[in-house]
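Peer 1: Residues per chain are reported as follows:
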Amino acid sequence: MSEFVETISRSEDGRFLELLIGPQHPASGHMRLVAEVDGDVVVSLRPNLGYVHRSVEKIAEVKKFLQIIPLVERPSLADTTANNLAYVLALERLLGVEPPPRAQYLRTLLAEINRIHSHFYGIGIHGVMIGSSTAFMWAFGDREPLIHLAQELTGARITYSYIIPGGVRRDMPPDFPDKVEKVLRYIERRLEDYDKLYVRNPVVRARLEGVGVLKKEDAIRLGITGPNLRASGVPYDVRKADPYCAYPDIDFNVITREEGDAMARFLVRVGEIRESMKIIRQVLKKMPDGPIFAEKYYKMLPPNLKKYYEETKEVKFPGIFANLRAPAGESVARVEGGRGEVVIYIVSKGGMNPYRFRIVTPSFRNAVLFEHLVRNVRVADIPAIYGSLDYFPPEADR
Amino acid sequence: MVCGLKGMMWVGNLEKAARKAAVWLVNKRPIRDIRDWGISFSLWPVHFTTACCGAEFAATSAPKYDAERFGFLPFVASRQCNLLLIEGTLTKKMAKAALWVYEQMPEPKFVIAMGACAIDGGIFWNSYNIVRPMDILPVSVFIPGCPPRPEAVAQAIIMLQKKIRKGELVKYEEMEVVK
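Protein sequences appear in the order of chains A and B. Quick note on numbering: the first sequence equals residues 1 to 398 in this note's numbering. Quick note on numbering: the second sequence equals residues 1 to 179 in this note's numbering.
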């Protein structure tokens with residue numbers, strides 16, 4: 001742990017030491033942790049946030065509605081689809097546009113692919129923090145096939161900007177379902193290896209079991225969402241509670257566990273990877289035919305872009321869409337991202353850019369949770385707890 | 001130096017002379033090439049993530065793109081590293097930390113600025129809370145892209161290696177001997 005320490009100060013009565021951990025530390029989280037320690041026991045911990053505050057909400061007020069799509073993706077780079085989808089759903093509610101069914105299914109498909117590779121990202125970073133480089137190498141290696149799939153669908157590695165008001169940007173390539181099936185079979189095989197390497201590994205169990213226990217009542221009181229909440233035994237999932245896109249037609253389970261410790265949070269993520277694979281298979285089976293772009297906007301395309309759309313099934317917006325005006329009003333949309341519930345709130349005064357823009361991200365709630373969990377634990381448990389939350393600082397700071 | 005038969009030989013400050021000779025030797029052609037070759041294949045970036053490009057930086061070190069084959073191994077302690085990668089946006093609060101980390105690293109040290117935000121702000125160009133890395137750090141290589149692909153990061157490493165092997169970046173000068 002010597003690398004963690006930068007400067008040390010002692011409390012007035014000389015009993016507690018104040019440890020400043022970071023912002024350059026092995027966990028490479030962009031925040032400073034101010035821990036008060038009594039010997040090897042952490043008495044309290046205050047995360048010092050704001051190292052990645054880039055004023056996304058303020059910038060959104062001067063950007064046009066379509067320009068905000070790439071902007072909202074940047075705060076949460078490992079899980080871009082959730083933010084993109086939440087923003088577009090909120091905007092569509094404001095504009096009164098309904099995407100066609102095929103577009104809904106394609107959105108669901110990308111959201112689930114993204115959820116799997118976001119969970120692998122979390123598992124890998126968690127592995128680094130508890131000192132298991134193998135877990136990092138495996139998880140990041142297994143993330144690549146899924147990124148490759150998403151790349152075939154959208155054209156970008158992680159910042160897709162795939163979901164646009166009225167539909168999606170591209171149709172699925174014809175041989176896509178076969179490739180997805182191949183990848184899913186590979187991931188299934190690999191998850192068994194993870195069981196052997198990680199879940200049944202005595203070292204990992206000793207580091208994670210019973211560490212950072214979050215009680216059910218505390219989880220609800222602190223407003224935690226996503227896998228961290230479900231690991232404490234609360235079956236809350238926005239996909240079930242407030243269904244959007246194609247989720248009402250799809251059969252899946254909400255993974256919960258009762259223990260609420262770091263191991264349970266890890267196992268919930270693994271369980272969700274399995275559920276997401278189930279969802280992807282159903283989506284591909286039920287995928288309806290038809291347009292991928294709303295009729296209302298299709299009519300507004302000039303003839304050359306209409307022809308381009310018919311030939312390639314790719315949507316290109318003409319320049320007039322830059323001046324998209326949303327009617328005055330407010331709208332809010334929520335989406336279940338890889339890390340939890342993403343809420344986006346737009347206030348429009350009828351202009352070309354929003355009057356007020358707000359993102360509520362799951363990671364900020366996790367920062368509150370982190371402070372709550374690291375109390376009377378060992379110093380070596382800090383990275384184990386920190387990693388198990390799947391905390392992504394740019395998302396919390398926005 | 002050994003004393004002569006009759007009296008002493010004037011040698012001046014022996015330690016200073018040795019240092020001068022070492023600097024002269026290290027900057028001399030064959031030794032300099034070997035030195036630069038060695039530095040170029042042991043670029044250890046410090047584990048310091050400034051913003052969201054860190055996700056792609058992690059993918060660069062992961063199996064598919066495996067940057068370790070260039071001698072590129074992310075490491076924890078800044079005192080054992082010689083490369084600082086500014087990954088994406090540098091906020092005002094983070095810039096202070098970046099300067100601290102840079103000052104702690106031993107010479108010779110290099111800086112790579114990754115992502116459009118690290119060049120000129122990128123999508124956050126009009127944000128009130130960002131700093132251009134080139135204003136505060138001597139950046140050797142810029143990587144465009146938002147975020148850059150891992151291949152681009154690998155290319156930046158190779159570019160930096162070429163620059164080092166040309167002898168543009170590393171210069172040893174005579175240091176003052178502190179007694």
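You may find that some hints are simply not true.
Simulated crosslink set (DMTMM-like; lysine to aspartate or glutamate; CA at most 25 Å straight-line) [unchecked claim]:
#1 A:LYS58 <-> B:GLU103
#2 B:LYS92 <-> A:GLU57
#3 B:LYS64 <-> A:GLU57
#4 A:LYS278 <-> A:GLU371
#5 B:LYS64 <-> A:ASP175
#6 B:LYS64 <-> A:GLU61
#7 B:LYS92 <-> B:ASP120
#8 B:LYS93 <-> A:GLU188
#9 B:LYS96 <-> A:GLU181
#10 A:LYS64 <-> B:ASP120
#11 B:LYS92 <-> A:GLU61
#12 B:LYS64 <-> A:ASP195
#13 B:LYS64 <-> A:GLU36
#14 B:LYS93 <-> A:GLU371
#15 B:LYS64 <-> A:GLU181
#16 B:LYS64 <-> A:GLU188
Since the hints were derived computationally from the structure, they do not count as laboratory data.
Peer 1: A separate judgement is required for each hint: does it hold in the structure or not?
Peer 2: Results for each hint:
1. A:LYS58 <-> B:GLU103: violated (33 Å)
2. B:LYS92 <-> A:GLU57: Since the Cα atoms of B:LYS92 and A:GLU57 sit roughly 17 Å apart, the hinted pair holds (cutoff 25 Å).
3. B:LYS64 <-> A:GLU57: violated (35 Å)
4. A:LYS278 <-> A:GLU371: Measuring from Cα to Cα gives roughly 35 Å; hence the hint is violated.
5. B:LYS64 <-> A:ASP175: Within the cut-off at roughly 24 Å; holds.
6. B:LYS64 <-> A:GLU61: violated (39 Å)
7. B:LYS92 <-> B:ASP120: holds (14 Å)
8. B:LYS93 <-> A:GLU188: Violated - the C-alpha atoms of A:GLU188 and B:LYS93 are around 43 Å apart, more than 25 Å.
9. B:LYS96 <-> A:GLU181: violated (48 Å)
10. A:LYS64 <-> B:ASP120: Between A:LYS64 and B:ASP120 the Cα gap is close to 21 Å, so the pair holds against 25 Å.
11. B:LYS92 <-> A:GLU61: holds (21 Å)
12. B:LYS64 <-> A:ASP195: Holds, because 22 Å separates the two Cα atoms, which is no more than 25 Å.
13. B:LYS64 <-> A:GLU36: It is violated: about 40 Å lies between the C-alpha atoms, which goes past 25 Å.
14. B:LYS93 <-> A:GLU371: holds (21 Å)
15. B:LYS64 <-> A:GLU181: holds (21 Å)
16. B:LYS64 <-> A:GLU188: Between B:LYS64 and A:GLU188 the Cα gap is close to 19 Å, so the pair holds against 25 Å.
Hints 1, 3, 4, 6, 8, 9 and 13, counting from the list given before, are not met by this structure.
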